[in-house]
Every structure is written in structure tokens, then in C-alpha cells.
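Undergrad: Working from the sequences, and respecting the hints, build out all of it.
Residues 1 to 186 (the numbering used here) are what the sequence shown spells out, left to right.
It should be emphasised that the hints constitute simulated quantities derived from the structure, not laboratory data. All values derive from a computational prediction rather than experimental measurement. Among the hints, erroneous ones may be present.
FRET-style restraints, in silico, Cβ to Cβ [as the list claims (entries may be wrong)]:
| no. | residue 1 | residue 2 | range |
| --- | --- | --- | --- |
| 1 | Asp58 | Leu14 | 26 to 32 Å |
| 2 | Thr18 | Glu63 | 31 to 37 Å |
| 3 | Arg79 | Pro141 | 58 to 64 Å |
| 4 | Val20 | Trp85 | 50 to 56 Å |
| 5 | Gly91 | Thr5 | 20 to 26 Å |
| 6 | Leu162 | Thr18 | 18 to 24 Å |
| 7 | Ile65 | Val20 | 16 to 22 Å |
| 8 | Pro116 | Val53 | 33 to 39 Å |
| 9 | Ala151 | Glu112 | 28 to 34 Å |
| 10 | Ala154 | Arg79 | 35 to 41 Å |
Just so it is clear, CB atoms sit at the ideal spot from N, CA and C, and this is done for glycine as well.
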Amino acid sequence: MTSLTKSAVDLLLLAMETRVGKVQVATLKQVAPWAADKLLDARLLVATGRIPVVAAMDAYEDEPIPAEWCPERGQYGYRNSVGRWITVEAGEIAACVVDFPLAFAKMLVAFERAGPSRPSPLIDGFVWDVGTIRLTGAKSPVPVWFARRLADPAVWTRLDALLERRPPEEVRVIRKRRLTVTRLSA
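TA: Encoded structure:
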């Protein structure tokens, strides 16, 4: 199993927080090149398609603009302010997605866990039930959910509806990425 550094884990968590769990490889490599390579090597980020947007370095404006496919040239690119074709390499717009099942498996391997072999989605793509886990210091195993995009009000609305249908038996703690904790009483 590949051991990940704190910077690789932080980068993975950032990728998980994107709207669809998909991000441009070039962007990840600009943020943390070594960590991005580790995540790709560990297959926690998997290549899938393209995000055809680039930062046009035209007149130093750094504007995000679409990279268009040119069938005649057989390549992606864009036209600069004077109309000249600027080629965009495929690697610049390659995209990758988070392999959530593999990420969960690697996160949960160290815990004594009961439940289904794979976490079951409670809100598709946003909240998963990972089973019951015996946490250090706990009297008995506790049910654990994993959630992403909790900064998005739409996800909170869906989570509120889920909690109304499945209220917690005692207290449920939701840990957000920045160590902010929300306690939901029964």
C-alpha cells in the first residue's frame, strides 16, 4: 500500500470537495506536483476525459478560456487576441476523478469496521454510510458517515432531509475539513 504524505492527503481532500470530484491534472500539478503524482500513482485519482479550459496568457490577463477541438489540425487550442492559433497539449487539459471506493478502502483499512464491504451511498455522490467503527476510547462501535461538499448549501439541505428521515440515536458529529465541528443532537 502506498503511504501518502500530508500534502498528498490535503490535495486529495481538495479534489474531493470539487463539485463533481473531477479536476484538471495540470491544475493539481501546479498546486502540488509531487503530491499529484503520488495520488495518480496510487490510483486515488484516475484519468478520465478532459476539461477543455486553459489560462490564456494573452496580454498577461490569465483569463480562463475554452480550448476548442480543431478537426483540421487534430488538436485542441484557442485563438489569441490577434487571431493566431495557440496549440494546447492534451496533458494540459487532461482530467481525473477521485476513485471514492478506493479512497474509502484506504481510509478505513486501519479501523475495526462492521458493515457492508463497500460504503453505501446515502446521498449519491455526497454522503456515504461507511458502517460501524470501533473508535479509540468509545464504549462501543459507532456508526460513521463520510460526507463531502458540506460548504454547499444544497448539500446541507439534502443532508437535513436525510437526518429527518434517519434521525441520530444520540449525538452525531460532522467534521468539516477545517476542523470545524457541528453537533446534531437527537
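Undergrad: Is 58 to 64 Å right for how far apart the beta carbons of Arg79 and Pro141 are?
TA: holds, 60 Å
Undergrad: Could you see if the CB distance from Val20 to Trp85 stays within 50 to 56 Å?
TA: 30 Å Cβ-Cβ, so the 50 to 56 Å window is violated.
Undergrad: Honestly, do Ile65 and Val20 meet the 16 to 22 Å range at C-beta?
TA: holds, 21 Å
Undergrad: Would you say the C-beta atoms of Leu162 and Thr18 sit inside 18 to 24 Å of each other?
TA: holds, 22 Å
Undergrad: Take the C-beta atom of Thr18 and the C-beta atom of Glu63, compute their distance, and say whether it sits inside 31 to 37 Å.
TA: Because 21 Å falls outside the window, the suggested range is violated.
Undergrad: Taking 28 to 34 Å as the hint, is the beta-carbon distance of Ala151 and Glu112 inside that range?
TA: Since the Cβ atoms of Ala151 and Glu112 sit about 31 Å apart, the hinted range of 28 to 34 Å holds.
Undergrad: Does the Cβ pair Pro116, Val53 satisfy 33 to 39 Å?
TA: The hint (33 to 39 Å, Cβ to Cβ) holds, given that Pro116 and Val53 are roughly 38 Å apart.
Undergrad: Could you tell me whether the CB distance from Asp58 to Leu14 stays inside 26 to 32 Å?
TA: holds, 28 Å
Undergrad: When you take the CB atoms of Gly91 and Thr5, is the distance between them in 20 to 26 Å?
TA: holds, 23 Å
Undergrad: Between Ala154 and Arg79, does the C-beta distance stay in 35 to 41 Å?
TA: For Arg79 against Ala154, whose Cβ atoms are near 36 Å apart, the range 35 to 41 Å holds.
Violated hints, in rising order: 2 and 4; the structure is consistent with all others.
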